[in-house]
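K.L.:
Make the full structure from the sequences, and use the hints.
Chains as they are written, first to last, in our numbering: chain W, 125 to 513; chain Z, 2 to 295; chain X, -1 to 240; chain D, 1167 to 1577.
The set of hints was computed from the structure by calculation and includes no laboratory data.
Model, not experiment: these values are computed from the prediction.
Hints should not be assumed to be uniformly reliable.
[Claimed, not checked] Straight-line Cα separation of at most 20 Å, EDC-like style, residue types lysine to aspartate or glutamate; simulated pairs:
1. D:K1266 with D:D1499
2. D:K1565 with D:E1505
3. D:K1268 with W:D179
4. D:K1576 with W:E282
5. D:K1266 with W:E173
6. D:K1268 with D:D1199
7. D:K1452 with D:D1514
8. D:K1266 with W:D313
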Amino acid sequence: MNARSRNGALNGGALNGGTWNGRAWNIAGLVTVGVVGLAAMIGLPLVLELSSLLDVTVYLILAILALSLALVWGYGGTLCFGQSAFFGLGAYAYAIAMFNIGESTIPFLLAIVLPAAFAALLGYFMFYGRISDVYLGVITLTVTLILFNAVNSTAGPEYQIGEARLGGFNGIPSIPPLNWPGMPDSALDLNDLFYVSIVLLMAVYFGLRWLLVSRFGRVIVAIRENEQRAGFLGYDARLYKLATFTLGGALAGLAGCLFANWGAFVSPTIFGLGQSAQIIIWVIVGGRGTLIGPVVGCIAIQWLTAFLGSAQLTKASLAQVVGPTVADALSSVMGFADLSNTSLILGAVLLAFVLLVPRGVMPSLLDLARFLVRRRPADALADKAERAT
Amino acid sequence: MSEGESVDLVLVLAIQVLFAMASLALISVGLAVIFGMMRVINLAHGEFLMLGGYSAIVANQHGVNLWIAMLVVAPLVVGAIGVVVERTLIRFLYGRMIDTMLATWGLSLFLIGLVTGIFGNTTVGISAPLGGMAIGNYRTSIYGLVVIAITAALLVAIYLVLRYTRLGLFARGTMQNPNMAAALGLSPPKVYAVTFGIGAALSGLAGALIAPISGVFPTIGIAYIAKAFITVIGGGAAILSGTISAAALFGAIQEVATYFTTPVFGVVITLAAAIVLIRLLPQGITGRFLKRWL
Amino acid sequence: MTGPAVLLETVDLGMRFGGVEAVSDVNFRLTEGELRCLIGPNGAGKSTFFKLLTGQLLPTRGKVLYRGRDISGIETHEVARLGIGIKTQVPSVFDGLSVRENLWIAASRGRPTRRANEMVDEILSRIALAGSAQRTVGQLAHGQRQWLELGIVLAGEPELILLDEPAAGMTHEEVVRTAELIREINRTRSLIVVEHDMQFIRMIASKVTVLDRGRVLVEDSMENILRHPTVRDVYLGKRVAA
Amino acid sequence: MKIARRALLKTSAATAAAVSTGTMLSSRGYAADPIKVASIHDLSGGLDIYGKPMVDALTLAIEEANAAGGLLGRQLKLVSYDPQSNMQLYTQYAQDAALKEKVAVVHGGITSASREVIRPVLDRFKTLYFYNTQYEGGVCDRNQFDTGVTPAQTVQKLVPYSMKKWGKKVYIVAADYNYGQITSEWVKRYVKENGGETVATEFFPLDVTNFGPSIAKIQAASPDFVWSALVGGAHISFYRQWAAAGMNKKIPMASTTFAVGNEHIVLSPEECNGMLICYNYFQDLKNPQNTAFVERFHKRFGANYPNITELAMGTWQGFQLWAAAVKKANSVDRMKVIEALETPISIDAPSGKVTIDAPTHHCILDVHIAEVRDKKLNVLEDFSQQPPADTAAVCNLKKNPNDNKQYVIKA
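P.N.:
Structure, rendered in structure tokens:
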């Protein structure tokens, strides 16, 4: 390892030729992700019982959603408070189309195209309107609220699109599952959905990795770093941002489609602020500017949320972990005994990360790994010598 | 409906519109102070309102006179919370607008969780004092009129402070040029802490005044946050004229739209109008008009 | 007329901010292959003029012509695509990226990857940063950042280069090298340099335009400018004396 | 798993006691695993005010059953999930209950949305499901039993009662979702049948807190009374703003949603005195069954327990119906229990007699009209054995046992 050098933010291997040690890291990372992904795909259905496999499936689906924001925010630098809007649109588009068409190929595509088109429209409005980053956050947040309010008030019988009733607050239940393209009678069962989800997640992951080392990916990062300079170099920042935002919308829509399949259900809470907050927390916990980080962040936070609801963290159970004195003190400080409070915990996690670990877990871990590898050239040499003998 | 009755109805509706404007200005002004002077987007603003409501109600339940609870206790408590928040969180994040947004969002979730843990999810409330009054055949709440009056008085007071006091001079200077405070020999940390505290106190007051009307529950802030934001951003950087002009505009749009359609479309139309406004006037109303105003 | 063609021209250019006229009635001409320095005291309107030329500001009066085409207020990226390269006063680079990546972004627009890589290697040696190619730009010294920005501008192969205080904050040796670099660039490109370091302007020895209170005060060779009485009064007096 | 753990602790304490006294128990007694009963109710998030009393009722029911020796000689174990008012977690927990815990029955769901989320899951994984909330009616699914009242059972009685008392012009304000929409359809129908007129119907999303313009609209329409089908915490503002304008002294109000979320305790007496409501259960019902029940409930959860709600009683009755069926079937097998329930099962509950209506899987039960007075609900009139007429109009599981959907009932 060349101790002096540090990777730039592009994580690109090809650009710097074989001499750059960043390339080794990238290949190692890609191989690790590929191997873990394949192992999960083959191994999980064998070792997990169905209910756990279903839990894993939804985490994988949400990880695609996490990746969509990882692209738009982590790499593109556009903080979208309304990623859930595209997620929800994808789910609703799939559900409505599915009730009307009955064969899932077109609904599946619609669930991607429609949110992408909406993102493109909104993005055009914002980026070409030269709206600053902060206002962009407020606008995306407001649009999400509008969608939530609008869809929430479609309970009346007049809100019907073809065969599909929108259902307002109650949402749309019993959404028909995906089928293999062109074969309306062979619907995906729950195992199939797991395979489809993991394959799509890996496809999205590797697709984005490829995109980010392409010129397009390098330019969007450059624009994030310095929009003015990119403009001086002849790159139309608005266009690149718009393209990124649109792609993010498409990916979120894809996740929405799968999510609607998983629970066979969609309701307006999918547009809610809570959902948006979750996505942002996944990305910030996992790390902006990485792809694997938000995936890990998403799965960890999801697991935590589910855990808190099924095994309530009471004073008694807390006492087993931290001892009765600490538990007593904690609960008297908080003023209540029931500490299984998702909002409280997610809020604290978000605060802690913004203040203490703003880069997120993965970049910090990777630095640590590099540091450890770098620190022990002697060990590595010894290792080699041993093997040689 | 007789002619006299329809005149009465118009009057009642006019009061409703005025009330909508006043309450919008009321819930936004604390946010406007913080945004106008510090360029901090405080996503925990809704929770400051919520805490104001709880402070007033808890104080009232412990025997404090309702008006004192609303007008004195709530602003003091939430103002103090604001200072603590600024000292422990916000000050580490100056110049990082996006991170400030995220941190205050985290704070928002945290406060919702904390208050839920302490008070539960039940709506608590106090009845609106003063009862109703008749306008012809219609009845309207006197308290609504009082809220309008208090809001007006508050805005006048802010005007006087900005216009005629040393504090106001600093504030105006800081709005024009963020480095002003330092130039005037004030320690910026102190100015920021005080500003944030004042903004929080105003939010606490607003939350307390709204509480008798809507009741208080831990997530009530979410209902207000979007409205407060579009008012502040739609209004632009000028604290007073921005808040007033945007509150008047959006309040009127919302009330009229609600009366003729449904409350949902009232909200949807208002939010959509706000987005169009921000698109047309990215610096807000006062960025284009009323530039020299406070 | 058979002289060199006019590359950049402003016609009655004016910019007003509220009640303040930052730039007024500027008629400025740059011929192809020329190296022009733009000087003036603080508040003379240099920065505003620079921003008008680069499309960052839309003039309230008059227009900017590039090869006869009106470019006032067009989008920044279109300015670049016309063949104008810009270096700003505070180095505008991609801080989070490596030196090589910075140059690569600049070189790769409109070029195949292989050609872009060659270009990057060439520029790295030209701006003496080959040894630091993998370093993150945020870690570079100020002078190196200035050079890097110059390299970034060169990588776009513009016809006209606009430089805003390219020698600001440099050590004497760095200033000398920068001047050399600029003269070398001038062999193939036209340049406008906004600067107030007279030493530096002497080193690149060229025609100078003096701006004062938003107007062109005088336009002449360096030697004549130094002798110009009004210029001495408004601007040079103190500095030369010091 | 707060409650499950508590149950577990009890069992292990019993085991410890048995071991310490040296008594050898027959292996059969302990070899039988406990029968698991899942509870999926919101204990946090926006709906916890509804969920907590329901879980408390279920907890008490199970503790009492265990104290009485369990069911079929086996102890019962409550597996409690808190979906935090989050639909995704409803799905996950329903899957977990059915597949991992393999529970005998799931009691759960508060909103219709949450019911429609878990219903298909439990159908797919063949796990019996009890939905114990009052709702808009129309669910037709052999795997599910609904113990809450539906609009036809309450609205049908309260509308004529109110019209007789106050007059024929009705203004409806309702929550803007299925339940509010369908309830208001039924109100309209019965108003018309009784010769009255519905002057207007207005819907409010569940998070609306400003009712000023609507209160003006209502005054303009000057109805004889207002019918409220408002739901949830935000809508409490309506009653408050209504009273603040002094309207509560001018125009009376009737509701089949008020007080389910303890609105009558949150609001001051002046704000809601005199409202008429209609439910299956009131804590103040005067019968020996109920008196004993309230006493046991207060002993378990404290005498200052705010109010034993309609939903809590629905859950209690749901559990008792299931337990009675298990005894009758002598099995916890899903189909055997369903068939036993369809015989039909009938119990004497604190609210009166409750019988499963076999064709609809809903309940035939008593309803009562009460008046809100000083934070109490005073029963004015009883109507015995109301059938679920609305659902019966669209659903007959005897004829179509494979029917599986929620019908939208046209009133």
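K.L.:
For each hint, tell me whether it holds in the structure or not.
P.N.:
Outcome of the hint check:
About 17 Å separates the Cα atoms of D:K1266 and D:D1499, which keeps this hinted pair within 20 Å; it holds. Restraint check for D:K1565 and D:E1505: satisfied, since their Cα atoms lie roughly 14 Å apart, inside the 20 Å limit. Only pairs whose Cα atoms come within 20 Å are accepted, and D:K1268 paired with W:D179 is accepted, the gap being roughly 16 Å. For the hint linking D:K1576 to W:E282, the alpha-carbon distance of about 13 Å falls within 20 Å, and the restraint holds.
With a CA separation close to 7 Å, the supplied pair D:K1266 and W:E173 stays within the 20 Å bound. At most 20 Å may separate the alpha-carbon atoms for a hinted pair to count; D:K1268 and D:D1199 meet this at roughly 12 Å. With a C-alpha separation of about 14 Å, the suggested pair D:K1452 and D:D1514 falls inside the 20 Å cut-off, and the hint holds. Among the hinted pairs, D:K1266 with W:D313 is consistent with the structure: their alpha-carbon atoms are about 18 Å apart, no more than 20 Å.
In this structure, none of the earlier numbered hints is contradicted; all agree with it.
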